[in-house]
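Start from the sequences, fold in the hints, and give me the full structure.
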Amino acid sequence: ALTKLHQWLLAGLALLTAWLLMLSGAVAPANPGLVWRHAAAFLPVYCALALGLASLITVVYRVLTFVDCPQAHAELVKEIETAKADLAKRGFTFTAAS
Amino acid sequence: AMYSIILPTYNERDNLPLLVWMIDKYLGAANIQYEIVIVDDGSPDGTQEAAKQLAKIYSEDRIVLRPRPRKLGLGTAYLHGLKHAKGDHVILMDADLSHHPKFIPQMVAKMRSGSFDIVTGSRYEGEGCGVYGWDLRRKVISRGANFLAQLLLRPGVSDLTGSFRLYKREVLQRLVDSCTSKGYVFQMEMMVRARHLGYSIGEVPITFVDRMFYGDSKLGGSEIVQYLKGLLTLFATT
Numbered sequence: 001a002l003t004k005l006h007q008w009l010l011a012g013l014a015l016l017t018a019w020l021l022m023l024s025g026a027v028a029p030a031n032p033g034l035v036w037r038h039a040a041a042f043l044p045v046y047c048a049l050a051l052g053l054a055s056l057i058t059v060v061y062r063v064l065t066f067v068d069c070p071q072a073h074a075e076l077v078k079e080i081e082t083a084k085a086d087l088a089k090r091g092f093t094f095t096a097a098s
Numbered sequence: 001a002m003y004s005i006i007l008p009t010y011n012e013r014d015n016l017p018l019l020v021w022m023i024d025k026y027l028g029a030a031n032i033q034y035e036i037v038i039v040d041d042g043s044p045d046g047t048q049e050a051a052k053q054l055a056k057i058y059s060e061d062r063i064v065l066r067p068r069p070r071k072l073g074l075g076t077a078y079l080h081g082l083k084h085a086k087g088d089h090v091i092l093m094d095a096d097l098s099h100h101p102k103f104i105p106q107m108v109a110k111m112r113s114g115s116f117d118i119v120t121g122s123r124y125e126g127e128g129c130g131v132y133g134w135d136l137r138r139k140v141i142s143r144g145a146n147f148l149a150q151l152l153l154r155p156g157v158s159d160l161t162g163s164f165r166l167y168k169r170e171v172l173q174r175l176v177d178s179c180t181s182k183g184y185v186f187q188m189e190m191m192v193r194a195r196h197l198g199y200s201i202g203e204v205p206i207t208f209v210d211r212m213f214y215g216d217s218k219l220g221g222s223e224i225v226q227y228l229k230g231l232l233t234l235f236a237t238t
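Chains A and B, in that order, give the protein sequences.
Each residue of the first sequence is one higher than the one before, counting from 1 in UniProt numbering.
Each residue of the second sequence is one higher than the one before, counting from 1 in UniProt numbering.
For the record, the hints were derived by calculation from the structure and aren't laboratory data.
Cβ coordinates follow ideal geometry from the N, Cα and C atoms, glycine included.
Warning: the hint list may mix true and false statements.
[Said to hold, decoys possible] If you want the footprint, here are the derived chain B segments under chain A, 3+ residues with CB under 8 Å:
1. 152-160
2. 171-185
[Claimed, not checked] Here are some chain A residues the structure puts well away from chain B; computed CB gaps all over 10 Å:
3. W36
4. C47
5. L49
6. S55
7. P70
[What the hints assert, rightly or not] Restricting the straight-line Cα-Cα distance to at most 30 Å, the calculated cross-link-like pairs of lysine-lysine (DSSO-like) are:
8. K89/A to K78/A
9. K78/A to K25/B
10. K182/B to K78/A
11. K71/B to K84/A
12. K86/B to K168/B
13. K78/A to K110/B
14. K56/B to K89/A
15. K52/B to K84/A
16. K4/A to K229/B
17. K89/A to K102/B
18. K102/B to K78/A
19. K139/B to K4/A
20. K83/B to K168/B
21. K139/B to K102/B
22. K102/B to K52/B
23. K102/B to K168/B
24. K56/B to K84/A
25. K139/B to K182/B
26. K25/B to K110/B
Dropping the structure here:
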């Protein structure tokens, strides 16, 4: 199996080929105007910007929707008290600092 | 089926009895046959004395103390624990009460129902997951790191750096034998290699209570650099 690095290199090669085809004019609309030529030339930059923006939005969204669980902490604190009492009853000696 | 819980400990004299009590409570209620293999790395705070007291209370069959002379690393702690474990399934979890034993019966059920080789707790996905005690900085780092890891490794597991997992014994043995990284990256490497070796992994949402009582959350610059280096190594070699 290919490593992830190799997979990315292959994908990169495929994209590079596609882009070069666009630049050379081999892949182009019937009447390539200035807009097309500009877009084709800067396509990698636009793609990188778009991916960067999508990544940023994704991470920000995931931080904002991060699940806190204060109730888990509250329950744990209560359970610890129960545990200490029961362990003491069963003969466990906690040291002075506990 | 017998479940061995391998607990590497260092200075957990206060938490260990509480954890053992909770394990006994929840696994007892679910009728799960268990043993706890405590791999203590020469704690100076009396952790081993606490373990011996617990063995008297809960039976020497259930509380198995197998210490080591000093801190020798997590991977070797798991190997050491495996040598002394009698179970055909192994649970790895933190000893500081950040992982709650109540999720173990859920992991057991999940492994049965899905015939998984591994069931991992997920702090990030699923109904009932969550983390307590992380500030904004920690959340940003966690989400950012996770995003990068998902993008680069496409692991099929939502919580790559989690350490609360249930394994079939031979699966864990094989993974610990073949993984070489340290720290957070070790947990990631286990999951990535597991997928590589064709093991099936199920997930159970868990809550994680970060025990900030004992100092600040230990995630500084050097940990982040170590993480990135490990991530790139896995990216290039798997």
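Cross-check of the supplied hints:
1. 152-160: n = 3 at 8 Å, threshold three: holds.
2. 171-185: violated (count 0)
3. W36: 31 Å, holds
4. C47: Holds, because the least Cβ-Cβ distance between C47/A and chain B comes to about 15 Å, which exceeds 10 Å.
5. L49: 17 Å, holds
6. S55: 7 Å, violated
7. P70: 6 Å, violated
8. K89/A to K78/A: Status holds; Cα separation ~17 Å.
9. K78/A to K25/B: 15 Å, holds
10. K182/B to K78/A: 34 Å, violated
11. K71/B to K84/A: OK: K71/B and K84/A at ~28 Å, within 30 Å.
12. K86/B to K168/B: 12 Å, holds
13. K78/A to K110/B: 28 Å, holds
14. K56/B to K89/A: 14 Å, holds
15. K52/B to K84/A: With a Cα-Cα distance of about 17 Å, the restraint between K52/B and K84/A holds, given a limit of 30 Å.
16. K4/A to K229/B: 15 Å, holds
17. K89/A to K102/B: 23 Å, holds
18. K102/B to K78/A: 15 Å, holds
19. K139/B to K4/A: Distance of about 27 Å is within 30 Å: holds.
20. K83/B to K168/B: Holds, at roughly 15 Å.
21. K139/B to K102/B: 25 Å, holds
22. K102/B to K52/B: Status holds; Cα separation ~24 Å.
23. K102/B to K168/B: 19 Å, holds
24. K56/B to K84/A: Within the cut-off at roughly 16 Å; holds.
25. K139/B to K182/B: 22 Å, holds
26. K25/B to K110/B: With Cα atoms ~20 Å apart, K25/B and K110/B stay inside 30 Å; holds.
Comparing the model with each numbered hint stated earlier shows that hints 2, 6, 7 and 10 do not hold.
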